[in-house]
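There are 2 protein chains.
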Amino acid sequence: MAGDLPNVLLLGPPSVFKSYEREFSEKFYFLKPWESSIPLRQFLSTHAGSVKAAFCSASSRVTTGVLQNLPELRFIVTSSVGVDHIDLHECKRRGVKVANAGSIFSEDVADAAVGLLIDVLRRISAANRFVKAGLWHENGGYPLGHKLGGKRVGIIGMGSIGLDVAKRLNAFGCIISYTSRNEKPHVKFPFCPNIQELAAKSEILVICCALTDQTRHMIDKSVMLALGRDGIIVNIARGAIVNEKDLVECLLQQEIAGVGLDVFENEPNVPEELLELDNVVMTPHHAVMTEQSLRDLYELVVRNLDAFFSNKPLMFEVTRV
Amino acid sequence: MAGDLPNVLLLGPPSVFKSYEREFSEKFYFLKPWESSIPLRQFLSTHAGSVKAAFCSASSRVTTGVLQNLPELRFIVTSSVGVDHIDLHECKRRGVKVANAGSIFSEDVADAAVGLLIDVLRRISAANRFVKAGLWHENGGYPLGHKLGGKRVGIIGMGSIGLDVAKRLNAFGCIISYTSRNEKPHVKFPFCPNIQELAAKSEILVICCALTDQTRHMIDKSVMLALGRDGIIVNIARGAIVNEKDLVECLLQQEIAGVGLDVFENEPNVPEELLELDNVVMTPHHAVMTEQSLRDLYELVVRNLDAFFSNKPLMFEVTRV
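First to last, the protein sequences are chains A and B.
For the first sequence, UniProt numbering begins at 1 and goes up steadily by one.
For the second sequence, UniProt numbering begins at 1 and goes up steadily by one.
Mixed in with the good hints there might be a few duds.
When chains are identical, the list treats them as one kind, so a pair holds in a single copy or across two.
[Unchecked claim] Lysine to any residue pairs mimicking SDA-like chemistry, simulated, CA-CA at most 25 Å apart:
| no. | residue 1 | residue 2 |
| --- | --- | --- |
| 1 | 132 | 143 |
| 2 | 167 | 103 |
| 3 | 27 | 50 |
| 4 | 32 | 303 |
| 5 | 167 | 149 |
| 6 | 184 | 269 |
| 7 | 167 | 152 |
| 8 | 167 | 186 |
| 9 | 52 | 141 |
| 10 | 245 | 134 |
| 11 | 245 | 138 |
| 12 | 167 | 187 |
| 13 | 312 | 72 |
| 14 | 167 | 177 |
| 15 | 132 | 229 |
| 16 | 32 | 142 |
| 17 | 27 | 46 |
| 18 | 167 | 203 |
| 19 | 18 | 141 |
| 20 | 167 | 292 |
| 21 | 18 | 146 |
I should point out that these hints are in silico values taken from the structure, not numbers from a laboratory.
Please model the complete structure; the sequences and the hints are all you need to start from.
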């Protein structure tokens with residue numbers, strides 16, 4: 001505790017903290033284990049009595065081990081949409097509430113998904129490289145791309161991101177269907193309960209679901225084969241939803257036509273085989289990252305920490321386990 | 001004339017001819033000046049009596065000089081949307097009808113415009129390069145992009161391409177206005193008669209108009225300064241609508257934030273200063289180019305040549321001069 005500011009344990013730290021450190025630090029006193037010379041576990045037990053709230057990013061794992069060292073912890077706010085890095089069962093057992101970034105990134109992520117898809121279909125990054133290398137002048141023609149309009153797109157996960165992707169691709173004349181844990185009564189697009197079936201009837205798959213035990217490696221070779229040789233996959237959700245080994249194999253054997261990937265199984269490591277492929281467009285887990293959404297995130301995190309410390313309702317509390 | 005097939009003078013030749021040469025050649029007998037050893041003018045006067053129809057691309061200039069050599073010519077079909085390579089006044093004077101590709105590329109061009117815009121705003125090509133060069137692992141963070149939603153977009157030229165761009169960007173939550181020769185009663189977006197004013201109130205300009213004497217170099221330094229330092233320009237129309245010298249200067253002096261360019265003043269030459277800039281995304285005059293649209297174009301050209309030779313109404317006849 002510094003002055004009258006409430007203590008918040010900072011894990012990571014999230015990139016929004018780096019951008020808004022001054023503003024954050026006017027409102028809360030942050031405990032920063034990485035600035036301490038003592039090991040994390042010891043740091044946590046030293047501060048155990050004073051830590052009621054923690055702020056983390058998707059890259060900090062909040063495991064049973066971490067939670068055991070923080071018996072007074074009652075609230076975790078994460079800067080991410082995904083909560084697969086947090087042991088939600090253990091949090092529930094211990095009475096630790098969790099809040100995520102909710103839907104504040106949905107539009108940015110949906111924009112990035114559409115951008116990656118057009119890039120793969122129309123070969124924009126590869127064409128840009130072609131022009132910048134001076135090859136237009138020497139080589140003349142450039143391979144044709146593929147039309148987006150009329151394509152059958154299967155959206156995997158129809159939360160706020162999936163819905164924003166669907167709205168956008170609908171305006172391009174795509175034919176949308178989706179799969180999700182359950183059919184969503186408010187969604188007008190056709191529901192398909194089975195991922196194999198969705199892949200078989202789609203030319204494009206856009207992965208927008210959460211990473212859970214059920215979705216881990218859900219997009220495997222059998223799904224890719226069902227999608228077929230002209231198929232394109234865009235993943236802006238979590239890397240591990242795709243079996244990356246199968247993905248590399250299918251790309252190298254031209255079992256699918258291309259991919260747009262913002263996320264990877266083992267970030268920041270990217271399968272080496274993908275680095276040379278023109279039909280693979282990759283961004284560094286960046287689909288949420290705009291200046292505007294970072295500002296919105298800063299405001300949301302402050303609002304949630306304020307709400308927690310004053311016993312008010314949280315925004316985007318994660319209730320599923 | 002070979003057999004009973006009608007003669008068509010082929011200029012260029014258009015890339016659709018190369019892709020569908022066999023199919024085209026079953027329906028028409030094409031005169032190919034570039035396969036002849038004699039100079040073009042002599043080739044033209046040799047065949048002058050038999051040439052009633054010509055088929056060209058945007059890269060073949062049909063000047064008064066060319067037309068003078070073809071007194072029997074009555075029809076030119078171009079594979080392009082733009083007709084700035086054809087002397088329309090001289091055609092009218094000589095009773096030569098002209099047909100272009102009409103709106104068949106509109107969706108593809110609009111898709112490419114949106115793709116280029118998202119690429120520039122969200123730095124997709126540059127991020128892809130970053131990941132592929134292995135820099136994510138070494139450098140960690142990557143600069144933030146900018147949100148598309150809520151951006152004020154000025155569309156220059158509200159023909160079928162402009163309208164398709166507007167429909168798409170509307171679904172992303174952009175605020176659209178447009179300029180055009182005249183206000184379009186069927187368009188719901190606000191009209192702005194003046195390009196300077198449109199630039200001043202926009203954060204993004206998308207150029208979708210034809211190249212004419214009025215639009216040549218219309219997007220010059222004064223327009224770019226009115227657009228401002230955060231401004232982005234996308235050009236999928238014709239290179240010469242932009243003053244490329246001014247554009248290079250404004251980019252180097254950071255008077256505008258970025259550009260997405262599919263077209264250039266002097267194709268395939270691209271200003272050398274642009275090759276190294278990450279905020280410049282370039283494609284090789286490729287916005288119309290998908291396999292699907294090439295097929296549609298083939299069918300349209302055949303339909304128009306058939307219509308001409310059987311005195312039936314043309315599709316997409318160009319009536320303005």
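### Message
Which constraints among the numbered hints does this structure fail? Numbers only, ascending.
### Response
Failing hints, ascending: 6, 9.
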